Amino acid sequence: MPHVVKHAFVSIAAAGMAVAMASCQSVPQPAASQAAAAAATNIPRQPDGKPNLNGIWQTIGSAHWDLENHIARSGPVLELGAIAAVPAGMSVVEGDTIPYQEWASKKKQENYDNWLTLDPEVKCYLPGIPRATYMPFPFQILQSHNSDMVMAYEYASASRVIKMGPTEPPPVDTWMGQSTGKWEGDTLVVDTIGFNDRTWFDRAGNFHSEALHVVERFTPKTSDLIEYEATIEDPKVFTRPWKIRVPLYRRQDKNAQLLEFKCVEFVEEMMYGHLRKKTGKEKPFAAARMRWP
Amino acid sequence: MTTRTRLAIAGVAPVVLMAFVTVAGQNQPPEVKGSAPAAGWVQPRTPDGQPDIQGMWTNYTNTPFEVFDQSDRPDFYGGDIDGRGAGTGPNSFLNDMQGRKFTKGRALVVDPPSGRVPIMEWAEKQRDYRLLHIQDDWVNFTPWERCITRGVPGGIFPPGYGAGYQIVQGPGYVAIIYEMIHEARMIPVDGRPHLHSNVKLWNGDSRGRWEGNTLVVDVTNYNDKGNVATNVATQRVRSIPQSDQLHVVERFTRVDEKTINYEATIEDPKVFTAPWKVAMPMTLEPDYKMFEYACHEGNHAVPNTLSAGRAADKGTRAKTSQ
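First to last, the sequence lines map onto chains A and B. So the number in the working numbering is just where the residue sits in the first sequence, counting from 1, plus 449. So the number in the working numbering is just where the residue sits in the second sequence, counting from 1, plus 8.
The reader is advised that the hints may include incorrect statements.
As the list claims (entries may be wrong) - Derived Cβ-Cβ restraints for the label pairs, each shown as a range:
id, chain 1, residue 1, chain 2, residue 2, range
1, A, THR671, B, PRO196, 21 to 29 Å
2, A, ASP562, B, SER205, 20 to 28 Å
3, A, ALA737, B, ARG200, 39 to 47 Å
4, A, THR490, B, HIS202, 34 to 42 Å
5, A, ARG740, B, GLU132, 45 to 53 Å
6, B, VAL50, A, LEU567, 50 to 58 Å
7, A, ASN491, B, PRO196, 21 to 29 Å
8, A, PHE715, B, ALA47, 51 to 59 Å
9, A, TYR698, B, GLY199, 21 to 29 Å
10, B, THR54, A, GLY634, 22 to 30 Å
Unchecked claim - Think about it this way: if two alpha-carbon atoms lie no more than 30 Å apart in a straight line, the pair counts; the simulated DSSO-like pairs of lysine-lysine are:
id, chain 1, residue 1, chain 2, residue 2
11, B, LYS233, B, LYS278
12, B, LYS133, A, LYS727
13, B, LYS208, A, LYS727
14, B, LYS133, B, LYS297
15, A, LYS612, B, LYS297
16, B, LYS233, A, LYS727
Stated by the list, open to error - Computed list of chain A residues with no C-beta within reach of chain B, every gap over 10 Å:
id, residue
17, GLY498
18, ASN503
19, ALA531
20, PRO585
21, ARG666
22, ALA735
Treat the hints as calculated values from the structure; they're not laboratory data. The model shown is predicted, which means the values in this text are computed figures rather than measured ones. Glycine included, every Cβ here is placed at the ideal spot set by N, Cα and C.
With the rest of the complex left out, here is chain A (with noise of 0.2 Å):
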């Protein structure tokens, strides 16, 4: 039982007793099920009883750069030095690599080997899910009093309203897909579809077709502690549907509060420079250096 023991590890191990690994790896499932329920007892929760997961979350890690086993690497630009080196990163992908289809696997070494042009994220675009959950800034979870439950994103004042309820169809693809949440248990499980194909998963080019389609699990584990989950399907791009895993730590700072990252003003000279009307009074800046891969 591969699968059941890695998830008893973690949920354990997230919830600070990582000490218990050597006698986790033979629990069966239903001690596995009785631990994640007797780890669910210090949670806040609201009033009907479900889970509170109010407050402002974030993630640890280089998942953002690379889902998948990464070493550290040199970043694109030399003048930056160590300070825009890529840190090295343990996969968050269940059995540790991506499933990809053949073709898709060629892609993405595409991708990968012309980050700077390909990657949304360098122009400021929309990042997608789950991506937006990993990326390296706050995101606040607001849960409402009668049902919808708001996602803010602090990059690109990206965000989404999860519908509690049944999936609908959604009218249009997006960016940010429909959507639609519901309880089980003490799982908020959101079920999102309606994508385009045009956003990332990371920064090493993993990426999806418009027919992927997004089951993510937000488990808390104590009052500051969400074990996220989100199984990624896309029968166009990958041979099976495949599961990533991060956890989401409350910001424990006392002023947090979401700020503006609106980053489009970060890329204006990038994407437009080359229109602007030249006054003749331009500061001269050295052209940096690029070197990617």
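Given chain A, put chain B in place with the hints provided.
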């Protein structure tokens, strides 16, 4: 500005369609009825006791922003700077009617009583410069056209299309989800103080509180890069700058099941000679569906307009008559 430029803006712009439409207007008194609740209607409350103003609201209207004055230049304000009427003139696009019955009041500006915004002369000159030099640099576009933000309170000035606003309330927060141009505005209502004055934001720093059944939002900490209004329907006020002294107080009062009366008092001693106030209703439309407004992702208006300007510089296109 060349016809091509105007068409370039019109064809793909996520932004320039903000209608200034007078069709179907029904001459009725001003729509805002004050903040007294309708007789027999009881303000619902959330489980933690806040007045419940949640729901999907819209603000389609045919009420002009200001009271018209003979000195106004609607074509110029609308981006049709030489008045030839081709392209994006303010009457070129229809409002998003969708079967709605529009009322038409005197003006959304209710104070001063003249219905005219007391704009300082320098600010009008800056607006004129930017409208005339829109082909030179993206900073001459409004932040809406640049797909950065419609601002606060500008984001609630009727955009003409995509005018959906979903209000969601949770513990300590009121969120307003703006359809145009996708903004999730998280307003704390837990009594916390404003940010330090050295934090400057496009949309300012919002702090809400309840006064009776009215949500009062105090907004400070603005940067000086935004515009107080961005849509063509705001006419003379469009592209007027905001300074770091801008201070806005918004009031959301639900007066019946289907109506929030919205008011914004705007003061900026660097830009306006006196405070002024906008008032308008927002209407509950539970079945309204928001569409994703991925603005920057489809913004051809900025590069196409600049490109036309550079072509004009080279003499390959006729220069603007200005």
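Hint check:
A beta carbon spacing of about 24 Å between THR671(A) and PRO196(B) agrees with the range 21 to 29 Å that was offered as a hint. Hint check: ASP562(A) to SER205(B), Cβ distance near 47 Å, so the stated range 20 to 28 Å is violated. In this structure the hint that ALA737(A) and ARG200(B) lie 39 to 47 Å apart at CB holds, the actual value being about 41 Å. Against the hinted window of 34 to 42 Å, the Cβ-Cβ separation of THR490(A) and HIS202(B) comes to about 38 Å, which satisfies the hint.
A C-beta distance of roughly 49 Å is found between ARG740(A) and GLU132(B), which places it inside the suggested range of 45 to 53 Å. At roughly 56 Å, the beta-carbon separation of VAL50(B) and LEU567(A) lies within the given 50 to 58 Å, and the hint holds. Take ASN491(A) and PRO196(B): their Cβ atoms lie about 26 Å apart, and the range 21 to 29 Å holds. Between PHE715(A) and ALA47(B) the beta carbon distance is about 52 Å. The supplied range of 51 to 59 Å therefore holds.
In this structure the supplied range 21 to 29 Å holds for TYR698(A) paired with GLY199(B), their Cβ-Cβ distance being about 26 Å. Checked against the hint of 22 to 30 Å, the pair THR54(B) and GLY634(A) passes, with Cβ atoms roughly 25 Å apart. A C-alpha spacing of about 13 Å is found between LYS233(B) and LYS278(B), which places the hinted pair at or below 30 Å, so the restraint holds. Among the hinted pairs, LYS133(B) with LYS727(A) is consistent with the structure: their alpha-carbon atoms are about 22 Å apart, no more than 30 Å.
For a cut-off of 30 Å, the pair hint linking LYS208(B) to LYS727(A) stands: about 29 Å separates their Cα positions. Restraint check: the Cα-Cα separation between LYS133(B) and LYS297(B) comes to about 40 Å, which exceeds 30 Å; the hinted pair is violated. Taken as a hint, the LYS612(A) and LYS297(B) pair is honoured in the structure, with Cα atoms around 12 Å apart against an allowance of 30 Å. A threshold of 30 Å between alpha carbons decides the hint, and for LYS233(B) with LYS727(A) the separation of about 21 Å falls inside it, so the pair holds.
Listed as a non-interface residue, GLY498(A) keeps its Cβ farther than 10 Å from every Cβ of chain B; the least gap is roughly 13 Å. With a least beta-carbon separation of about 6 Å from chain B, ASN503(A) fails to lie farther than 10 Å from that chain, contradicting its non-interface assignment. No beta-carbon of chain B comes within 10 Å of the beta-carbon of ALA531(A); the shortest separation is about 29 Å. Every CB of chain B is more than 10 Å from the CB of PRO585(A) (nearest about 19 Å), matching its label as outside the interface.
Non-interface status of ARG666(A) relative to chain B is upheld: no Cβ of that chain comes within 10 Å, the nearest being about 21 Å off. Every CB of chain B is more than 10 Å from the CB of ALA735(A) (nearest about 23 Å), matching its label as outside the interface.
Consistency with the previously given hints fails for numbers 2, 14 and 18, ordered from lowest to highest.
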